[in-house]
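Given only the sequences and the hints, what does the whole structure look like? Please build it.
Top line first, the protein sequences correspond to chains D and F. My numbering numbers the first residue of the first sequence as 1 and each following residue consecutively. My numbering numbers the first residue of the second sequence as 1 and each following residue consecutively.
Don't read these hints as lab results, they were simulated from the structure. A few of these clues could be false.
Straight-line distance between alpha carbons at most 30 Å, and here's what the computed DSSO-like set of lysine-lysine pairs gives [to be verified]: (1) D:Lys88 - F:Lys105; (2) F:Lys105 - D:Lys94; (3) D:Lys83 - F:Lys105; (4) D:Lys84 - D:Lys94; (5) D:Lys83 - D:Lys94; (6) D:Lys84 - F:Lys105.
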Amino acid sequence: MSIAITTQFICFTVLSLVVIIGALGVVLLESIVYSAFLLGGVFMSVAGLYLLLNASFVAAAQVLVYVGAVNVLIIFAIMLVNKKEDLKPINDIKSRRVISTSICLTLLSLLIRVDLTNVWSLSSPQNSIGEESTIRIGEHLFSDYLLPFEVASVLLLMAMIGAIVLARRDVMSKDISTGLPVDQELIEKSSEPLLTNKN
Amino acid sequence: MNLESIPLQAFLIVSSALFCIGIWGLLNSRNAVRVLMSIELMLNAVNINLMAFSSYVDNNLIQGQVFTIFVITVAAAEAAVGLAILLSLYRNRVTVDMESFNLLKW
Numbered sequence: 001m002s003i004a005i006t007t008q009f010i011c012f013t014v015l016s017l018v019v020i021i022g023a024l025g026v027v028l029l030e031s032i033v034y035s036a037f038l039l040g041g042v043f044m045s046v047a048g049l050y051l052l053l054n055a056s057f058v059a060a061a062q063v064l065v066y067v068g069a070v071n072v073l074i075i076f077a078i079m080l081v082n083k084k085e086d087l088k089p090i091n092d093i094k095s096r097r098v099i100s101t102s103i104c105l106t107l108l109s110l111l112i113r114v115d116l117t118n119v120w121s122l123s124s125p126q127n128s129i130g131e132e133s134t135i136r137i138g139e140h141l142f143s144d145y146l147l148p149f150e151v152a153s154v155l156l157l158m159a160m161i162g163a164i165v166l167a168r169r170d171v172m173s174k175d176i177s178t179g180l181p182v183d184q185e186l187i188e189k190s191s192e193p194l195l196t197n198k199n
Numbered sequence: 001m002n003l004e005s006i007p008l009q010a011f012l013i014v015s016s017a018l019f020c021i022g023i024w025g026l027l028n029s030r031n032a033v034r035v036l037m038s039i040e041l042m043l044n045a046v047n048i049n050l051m052a053f054s055s056y057v058d059n060n061l062i063q064g065q066v067f068t069i070f071v072i073t074v075a076a077a078e079a080a081v082g083l084a085i086l087l088s089l090y091r092n093r094v095t096v097d098m099e100s101f102n103l104l105k106w
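Put into structure tokens, the structure is as follows:
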């Protein structure tokens with residue numbers, strides 16, 4: 001790392017503030033569209049934290065996969081399901097909020113206590129490989145992590161096929177065995193088409 | 001205060017806070033899309049943890065970075081399948097309110 005230590009501290013403070021405040025905005029904001037765009041900001045700041053940790057390849061992967069794929073996918077999903085609806089009020093929402101907030105704060109205090117009190121066996125910074133990390137990741141992926149690497153490709157193929165099967169709309173119109181028309185109400189609730197054909 | 005570099009604990013505290021915010025959002029969201037976003041936040045917190053340990057504890061054989069790559073892969077697959085399930089739920093129930101998906105409640 002060649003950046004001066006003061007610059008590192010300033011970058012770290014700014015990035016972690018953006019991460020924490022952005023994450024709070026993601027869960028607390030009323031509008032789901034603002035949440036999605038703030039989520040993109042959180043992902044970008046996490047990529048910045050990776051750059052501070054000397055991991056340029058993972059930072060690039062984070063930007064490409066999270067901001068470029070996952071966030072865009074979430075925005076598309078919001079666009080497809082964005083309908084104003086009046087949520088039914090829950091009668092015990094107050095106690096639920098109190099219980100969940102106290103659980104989260106307890107967990108946070110426990111985690112911070114472990115972080116601060118445990119003695120970590122830090123390795124000496126002279127061993128740091130720095131910018132060679134991309135080469136080292138490639139060596140790992142094709143030697144001792146070869147099996148997980150190949151399994152990941154099968155997982156991605158399964159996720160792709162599963163997403164297509166789950167999300168596609170054209171269901172069969174005829175029963176395969178009898179040839180009778182299928183009751184579409186069983187498969188899909190009839191609803192108003194979003195784009196009405198004017199002709 | 002005269003430090004050589006950013007302490008490891010700073011990264012761990014940021015990731016702990018991010019993880020707890022994710023859990024809070026997972027428990028309290030009414031919108032199903034926001035639940036998926038909270039899951040992504042928690043996965044990112046885990047990734048920050050892995051990267052911090054890989055840089056401070058194991059900075060020669062960076063195995064934490066390899067694990068982060070795998071977590072990113074699984075998160076992308078999870079997001080795709082999760083949003084497809086959400087779309088098919090929306091098509092059947094015409095709502096994304098988490099309180100209305102109570103078919104498996106005993």
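Practice task
Kindly indicate which numbered hints from before are broken by the structure, ordering the numbers from low to high.
Solution key: none
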